[in-house]
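**Q** Same order as they appear, the protein sequences are chains A and B.
FYI, in our numbering the residues of the first sequence are 102 to 424.
FYI, in our numbering the residues of the second sequence are 102 to 424.
You may find that some hints are simply not true.
Put simply, identical chains are the same to the list, so a pair is met inside one copy or across any two.
What the hints assert, rightly or not - Straight-line alpha carbon distances no greater than 27 Å define the calculated DSSO-like cross-link-like pairs of lysine-lysine that follow: (1) Lys394 <-> Lys340; (2) Lys344 <-> Lys214; (3) Lys417 <-> Lys214; (4) Lys322 <-> Lys394.
Hints in this document: simulated from the structure, not taken from any laboratory.
Protein chains: 2
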Amino acid sequence: MKDMTSTLPTYEDMLAAHERIRPYIHRTPVLTSSYLNDLTGAELFFKCENFQKAGAFKVRGASNAVFGLSDEMASKGVATHSSGNHALSLSYAAGRRGIPCHVVMPRTAPQAKKDAVRGYGGIITECEPSTTSREAVFAEVEAETGAEFVHPYNDPRVIAGQGTCSKELMEQTDGLDAVIAPIGGGGMVSGTCLTLSTLAPEVEIYAAEPEQADDAYRSFKAGHIIADDAPNTIADGLKVPLKENTWHFVSNHVTDILTASEDEIVAAMKLTWQRMKIVMEASCAPPLATILKNPDVFRGKRVGVIITGGNVDLDKLPWVVGY
Amino acid sequence: MKDMTSTLPTYEDMLAAHERIRPYIHRTPVLTSSYLNDLTGAELFFKCENFQKAGAFKVRGASNAVFGLSDEMASKGVATHSSGNHALSLSYAAGRRGIPCHVVMPRTAPQAKKDAVRGYGGIITECEPSTTSREAVFAEVEAETGAEFVHPYNDPRVIAGQGTCSKELMEQTDGLDAVIAPIGGGGMVSGTCLTLSTLAPEVEIYAAEPEQADDAYRSFKAGHIIADDAPNTIADGLKVPLKENTWHFVSNHVTDILTASEDEIVAAMKLTWQRMKIVMEASCAPPLATILKNPDVFRGKRVGVIITGGNVDLDKLPWVVGY
Numbered sequence: 102m103k104d105m106t107s108t109l110p111t112y113e114d115m116l117a118a119h120e121r122i123r124p125y126i127h128r129t130p131v132l133t134s135s136y137l138n139d140l141t142g143a144e145l146f147f148k149c150e151n152f153q154k155a156g157a158f159k160v161r162g163a164s165n166a167v168f169g170l171s172d173e174m175a176s177k178g179v180a181t182h183s184s185g186n187h188a189l190s191l192s193y194a195a196g197r198r199g200i201p202c203h204v205v206m207p208r209t210a211p212q213a214k215k216d217a218v219r220g221y222g223g224i225i226t227e228c229e230p231s232t233t234s235r236e237a238v239f240a241e242v243e244a245e246t247g248a249e250f251v252h253p254y255n256d257p258r259v260i261a262g263q264g265t266c267s268k269e270l271m272e273q274t275d276g277l278d279a280v281i282a283p284i285g286g287g288g289m290v291s292g293t294c295l296t297l298s299t300l301a302p303e304v305e306i307y308a309a310e311p312e313q314a315d316d317a318y319r320s321f322k323a324g325h326i327i328a329d330d331a332p333n334t335i336a337d338g339l340k341v342p343l344k345e346n347t348w349h350f351v352s353n354h355v356t357d358i359l360t361a362s363e364d365e366i367v368a369a370m371k372l373t374w375q376r377m378k379i380v381m382e383a384s385c386a387p388p389l390a391t392i393l394k395n396p397d398v399f400r401g402k403r404v405g406v407i408i409t410g411g412n413v414d415l416d417k418l419p420w421v422v423g424y
Numbered sequence: 102m103k104d105m106t107s108t109l110p111t112y113e114d115m116l117a118a119h120e121r122i123r124p125y126i127h128r129t130p131v132l133t134s135s136y137l138n139d140l141t142g143a144e145l146f147f148k149c150e151n152f153q154k155a156g157a158f159k160v161r162g163a164s165n166a167v168f169g170l171s172d173e174m175a176s177k178g179v180a181t182h183s184s185g186n187h188a189l190s191l192s193y194a195a196g197r198r199g200i201p202c203h204v205v206m207p208r209t210a211p212q213a214k215k216d217a218v219r220g221y222g223g224i225i226t227e228c229e230p231s232t233t234s235r236e237a238v239f240a241e242v243e244a245e246t247g248a249e250f251v252h253p254y255n256d257p258r259v260i261a262g263q264g265t266c267s268k269e270l271m272e273q274t275d276g277l278d279a280v281i282a283p284i285g286g287g288g289m290v291s292g293t294c295l296t297l298s299t300l301a302p303e304v305e306i307y308a309a310e311p312e313q314a315d316d317a318y319r320s321f322k323a324g325h326i327i328a329d330d331a332p333n334t335i336a337d338g339l340k341v342p343l344k345e346n347t348w349h350f351v352s353n354h355v356t357d358i359l360t361a362s363e364d365e366i367v368a369a370m371k372l373t374w375q376r377m378k379i380v381m382e383a384s385c386a387p388p389l390a391t392i393l394k395n396p397d398v399f400r401g402k403r404v405g406v407i408i409t410g411g412n413v414d415l416d417k418l419p420w421v422v423g424y
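Could you put the whole structure together from the sequences, leaning on the hints where they help?
**A** Structural data, given as structure tokens:
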């Protein structure tokens, strides 16, 4: 296996990614809400990746990885381990290129997620719900298929792809003072850092995280990666730890990391629906939740807010069924 | 009371409306879905008025009426009868101008709707749920306040305002073969006719209606207005009958009116959520429902689909709680 994690992506990689993936992604809209502006005292620009192909920003990085492969490499397909939006997005992108996508997923993952991956043509191999089992099963799949591993967030091709989101956001607004995105493994935040540190280095970059999975916050304060074993939060896309490439961007370019409680996350999710008619995943709600919680940080600023995905089960809205 | 219904709006009125209301509305995005394109064999461009201020296209017409008033007329406020999006939108627009908005609403209207109107500053006077009572109570309110009546859809200022939606849609796409919108009283369809009959007369205009409230369909076939007494459909914004001004546009410019069953409406609403992450009102779903039902009409065409509003109660989605 080629060690793709040894190279950091460059600004030029991000520009090349944008050209490469343009046919396979939506240029998602930027929406505003005067109600939320009044409430926060800031001017908020919501970049709506919930309307992205496959329902999340992850398709940017996945498409960049898939369409950047040589024909020879592509012929053996791609592989990853994920039970979330990266699995969906990589399956989508591989399907568009007509190559196989192997996904290792815990057998305990929700049936709906397995169905969705299969719906995009992904080939699932189940593992036990432990890191040991996942790594062993993934190694087998990789050895058998020769497929190219695309890590959900630490892969430089993925980071370069995620960086295209902030490029569009800057093109769609007349200048920003700050951008805020949720942080789990740090793929979107790293892409944001990659793009803005060259394109608009004056723009502050904030990351927002659940209190109950605040490993990035603690890493940022400690100055080295801290990985939690099994955090528990409704924002289930944000449970994963930082890795060396995302840590590089986070530690060098992020202004601050802010956290929100479960209640604050659900309240922000509900407020966004009520006022903007956008149903976001719980994992997308920490940015608005932390803006509401820290008005002094954002007041008077023009703030880009990245809404990362919309793959929520409408039959299980947390303010309806509890959480 | 000045009879505003005696004058039909012109294309220049629509252009003036767009300049007038620009500060008070969103230029809503146009979204696409390759899944729905594959499913229908058409190329669909969804104009997302569900993200409009106050949650619906109605704010276009309401703002045009409110901001077109002289200071003298405006000083006495505006008045209407509506329990739906027009009441919300007129209250919003009046609030932005700082004038009163009087709304006559049946006492049986849902509390949530009354709360929403009051939330935008509207002053509610309740009537009994009958046309006789509504007209009597409205006449009293009008006489007492001297407020300017803004009819929900037959008012030429309202029709001119609604026409700005298709103007934007044409600007946001590279040409269309057809546009389709839901039809109740015909305000949006009339505005669409007003704009396209001058701007792009080659574009076909379709209207979509629930089978269970198909008075516009029957009017169109009969060649004169047919008004139903009390139709019953989940698409509750589409129960009202055509009036003389909207009939003028519908009878002269609409290509055809298509209908959909309740089940087809709910299925289209659910499909739009699943595939586009857009929660639309049931009243917005007939266009997609009729496109799916009549593939031969739309196959191979570039079709603008107006999603008229998003004010749905997420706790009462019809595919979850029944309908």
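**Q** Determine for every hint whether it applies to the structure shown.
**A** Hints, one by one, checked against the model:
1. Lys394 <-> Lys340: Only inside one copy: lysine 394 and lysine 340 sit 21 Å apart there, 43 Å across copies, limit 27 Å.
2. Lys344 <-> Lys214: within (25 Å within a copy, 49 Å between copies)
3. Lys417 <-> Lys214: Intra 14 Å, inter 24 Å, cutoff 27 Å: intra and inter.
4. Lys322 <-> Lys394: within (19 Å within a copy, 58 Å between copies)
Checked against the numbered hints above, the structure violates none of them.
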